[in-house]
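> Single-letter residue listing:
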Amino acid sequence: MRSLTRGNVKTAIASVRSAKWRSLLTMMGIIIGIVSVVTVVSIGEGVKRQVVSQMNHLGKDLITVRPGQLVNRDEKGTITGVNLFSGYTTTGALSDKDVSSIQKTKGVKLAVPLSIVTGGIDVDGKTYNNASIIGTTPQLPEALKQKIAYGDFFNDSDENQNGAIIGKSVATGIFDDDIPLGRSFEFHGEEFIVRGVFEPFKNATLSLDTDFNNAIFIPYPVAQELTENKAAIYEVLAQPNDPDQANTVAAAIKDNVKSNHGNQEDFTVLKQGESLSVTSNILNLLTRLIGGIAAISLLVGGIGIMNVMLVSVTERMHEIGIRKAIGATSRQIRNQFLIEATVLSVAGGVIGVIISLVINVMLRIFTDIEPVISWQVVALAAGVSLVVGIIFGTAPALKAARKDPIEALRHE
Amino acid sequence: MSVIELQDVSKLYGFGDAANVALDEVSLSIEQGEFVAVMGPSGSGKSTLMNIIGLLDRPSHGSYNLNGRKVARLRPNQAAKYRRDTIGFIFQSFNLLPRLMALENVALPLAYKGVGLTRRTRLASDMLARVGLQHREYYYPWQLSGGQRQCVAIARALVNDPALIIADEPTGNLDSAGSRLVMELLSELHKSGHTILFVTHNPELTRYASRVVYMHDGTIIHDEKTKIGEVAQAVRRAMYNVSRTTVEDDLAGVSALMNAVPSHDNASTALASKPRKKTSKRRGKK
Ligand SMILES: Nc1ncnc2c1ncn2[C@@H]1O[C@H](COP(=O)(O)OP(=O)(O)O)[C@@H](O)[C@H]1O
Ligand SMILES: [Mg+2]
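Protein sequences, first through last, are from chains A and B. Anchor point for the first sequence: position 225 equals 225 in this note's numbering, and the numbering is continuous, going up by one each time. Anchor point for the second sequence: position 167 equals 167 in this note's numbering, and the numbering is continuous, going up by one each time.
In isolation and in its complexed conformation, chain B is listed as follows (with noise of 0.2 Å):
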């Protein structure tokens, strides 16, 4: 059985004419314990649909099953119960709140959850030890290195214990030496049996994931099954037209996938497994 199962969703934005479509009709199903790397270009609705997944949003049409549970259209504070216990989320930008200590981030959502005191700082502690920051518990986020907050939000996201863990751009604002941190913790855990599923720019980073899928104007061009280890056949033909020096570079990998995906969109057997929908169908039923 799936853990994500996704039908025809579609998210718009604005009204009539103005109507803005950051997702069209995307079908998509996730299996338990994959780790599924999201990528392209900027603008083609990628947030759009992790914060679908993740419950923060709701899709406009569409149905979305989430371990076999109807959620497209859950109220707000059943969403929150629901994205506190099963989804743990991984923000480009880290989130964590400024005025609490590393420990005090990481136990907030086992406050929310009705945790006591004693236990919940136990708990957070070990997540913290987990992800290697135990020296750290008592630092403020301004006095954590970028790789290291990141580390504290994923240990945050990690603490409710949630089957599935979404991260939007990650490493967006980390290093390179960040961005391994990172990218190696989320591969833990992804052995160890979460479902993963995060976007990326990088596609370098497509090595550490087991399915890779594509998206451009709210649709998804693409969506390729990979070794753990490899770069993604996709990327690794759109890489052949960038410099091999910028691989780590976010815009480098962004600029590339905009040449690889329309124009290669004949040639390549791998791409454009699925034909584009015309976005004025959807416009014309409102």
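Only chain A is shown next, with the shape it has when bound in the complex (with noise of 0.2 Å):
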């Protein structure tokens, strides 16, 4: 019987090839549906990976502020939602008050604003405007764990001075120099010098934060006379003194920070261990919209494939008369359409899947995402695309086993 199966799927592989661009045309749904699901989980996978080694990076202690309702939590303070456009439209803000509220509340190390100064720097005679410029205190390589590459941050002595440290990117995007100590830039009519260079940061795309290596940090001070105090705080990080304490200071800032603002929670206090839980919920929104275009696809893949095989069955009337009369059984002719079917179908996954490799290298190559395909995920394309090719190879070849031989003799 085993013999029998591997001649049927030779038999199905070559008219599958016989008919080349039938045969990927109607693997066209198939092959979308698998490239969707394949390149979305994938995506999500990188992410996921991405974050969670951000987060171990800068610890599970770290503590972020922002304005605005960004979640919604449950009584007991689990994220339920993620709010994607009202996080950014609600007109709650973080105020002076508040950073010397947090830096005071009880059990917390350090408390560092990043306040977002808008416009562009001259750089010799050019205006680049696509860096961000965030004013921020000296404890930032503290709170971000990260390391100064060259040179040195603003300590709590000259942060009234001028000076700035950059990221990677611009360093080489603006400056174009490795190492841009001590050239300078004009930003708001006043110049700048370039004091630090940090060491890359890792970013992890699709979180909520600013791409640090694309940004130029000043002193806080310095920020907020430039733009007489109108520079928005778009975040506070902070640290407790105890990392198993993080839990009872993020309540106590909330508590302080509710006050400040009348008793409105028009901001958001997260965890470093909760960013984790905001991006997955950004992506399962994602994976959930893109799973129901790959559905659908699926669908519409599968019913090509029925119809093809319909066709086909018309076609080769006479062929399945020939096995009839030389003995082949209604059961042995259902199994062969069936297995064209899901050959037809399995290849759709196989390029599918192929395709999806392709795309993830583009990805790597060309953007910061670093998507993962695992196994599972193949498995999975492999055993959807099975399952399609059965559920939809079956009317035909049912039509194709029902046939009277003789009847199907006739057809020419």
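List of simulated lysine-lysine pairs, PhoX-like, C-alpha gap at most 25 Å: (1) K81(B) to K399(A); (2) K81(B) to K10(A); (3) K97(A) to K271(A); (4) K60(A) to K104(A); (5) K202(A) to K60(A); (6) K10(A) to K113(B).
Because the hints were derived from the structure by calculation, they are not lab data. Being a predicted model, the structure only gives us computed values, none of them experimental.
Take the two lone chains and join them into the complex the hints point to.
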């Protein structure tokens, strides 16, 4: 019996190859479906790994306070959803008063504000708008556990001078120099000197964080002065004295800031561990969306296979008659066409996985995303295409199997 | 004991007034080892009879015993297995699978029986050698002549070692050389003990047969045992009505029979051994 199956597979492959274009077009739906599933799942997997590694780097105890209500929580404080859009539109803002409240909260070792200063910088007469200018305090490297590659960060004593520490992308992109120490740029009419370059940040794609590699850090008081205190604080980083107390400290910070805001919770306190859950919330939403598209595509692909198989059964009616006349049972004919449909859809699945691998490599080369194709997702693709082939191959196979041999032989 | 025993077998197509009687209460018994030629004009029900005997089709009425087993009401799957194991079918248009090589075509019935690849390749190869095509194993059907194709088809019919071989106009698409090749093969099989039924329009080919059956309008109108090597009596009589030079021509054979059978009905002692029944009787019964 096994040798018959092998013969059937061989016949099926021959028949798929004899009509290459038709087979390829038939497989299109399956291919698109499989490519979207595999790519989305692998991007999700890659992003999760990046977030996890960033989190491990920063430590689980880092607490982030942001304006706006970014997440919904249940009574126990577990995140139940992410407000992708409202998070940026609610008008809550963090003030200097909030920063000092956080700093004064019991158990907080340090609190670092990050404020965004708008405007471009001029280097040698050319204007650049693509870097973020962030005002911050001397404890930033400690809070982020990030080393300075060249030069040094500003400290408490020179906090009011126009010094800047830049990310790696700024060094290479704007100054065209790996170590542009001592170079100057003009910002809001004042001259700044580059005094340090950060080591490359491990940024997680799709996370809510700014790309620090593409940022210029200036002292917080200077930023406030430049903007006449209008620079918006978009994030305050806080670290507890005792990492095990992170939860209690986060709760205390929340209470303090809330009382500053007239008991309004128009801000968000996130522990580092939770940013993973925020990211996976976003990813799950995306996965569900693309998963729906993929499901429709697989359905259309399955119907395409069914259609082509029905045509094939009609075209090969005479062959079916011959096979029955020389002793093939209905079940053997059914299996032959079922195997053919399955070969079609599994071939579509294989092509889909190959295209996904190509897309994967492209994404790694041309973007920051590092998708991971796991064997589970490949197994999923194989399983799905197998199931689609069997489901949509059944009707044509039964049509072939039930045909009366004499009637089938009469077909030409 | 008869290998084939048909009792009042009828085959009707359509319903009611539009009913078309392809076979009208045919009774026929064929012994082990007989080599039967079936003749008759086009549309007389020869193929229908062959298909029913070969279990490709089921009779509307009547009983059919094959090797002592009642097979008229077999279900399709049982019929398929019985057909596979006991009957070899040979068709006018060869009916080889175009995408399979000669060897694979011959091996196919064995595959459906569940024989393993090595064994069925050897058996198929032996069978091809037996029909004289050992050098054409890896040829595709389109690379073979008509006669060779029919020999491959015969090898395929034989590969399961069936007791009964049914050939519906096996020489219909062949030239005289091809016809002779095929008939010699069938003749050899007959000598080795197979029971063979074949349909032909060519009176010359009745020389090979041990018995000739004539059909007309769905009934058997004449049934004659012949000496092998001689043309059947009734056919010889019919042949005098046509030019001798066209004996190889199928159409000539048909028209000769058309002339011979009804008009010589009363004159000939050999013909009309069985009185024809009125078909309207059956139709009345439904
Ligand atoms: N599927 C069918 N539907 C209707 N009539 C049929 C069918 N098959 C055969 N017939 C009729 O049955 C009769 C006998 O056909 P057939 O056995 O093929 O004749 P032969 O082989 O002697 O030429 C013919 O009149 C033919 O029209
Ligand atoms: Mg016929």
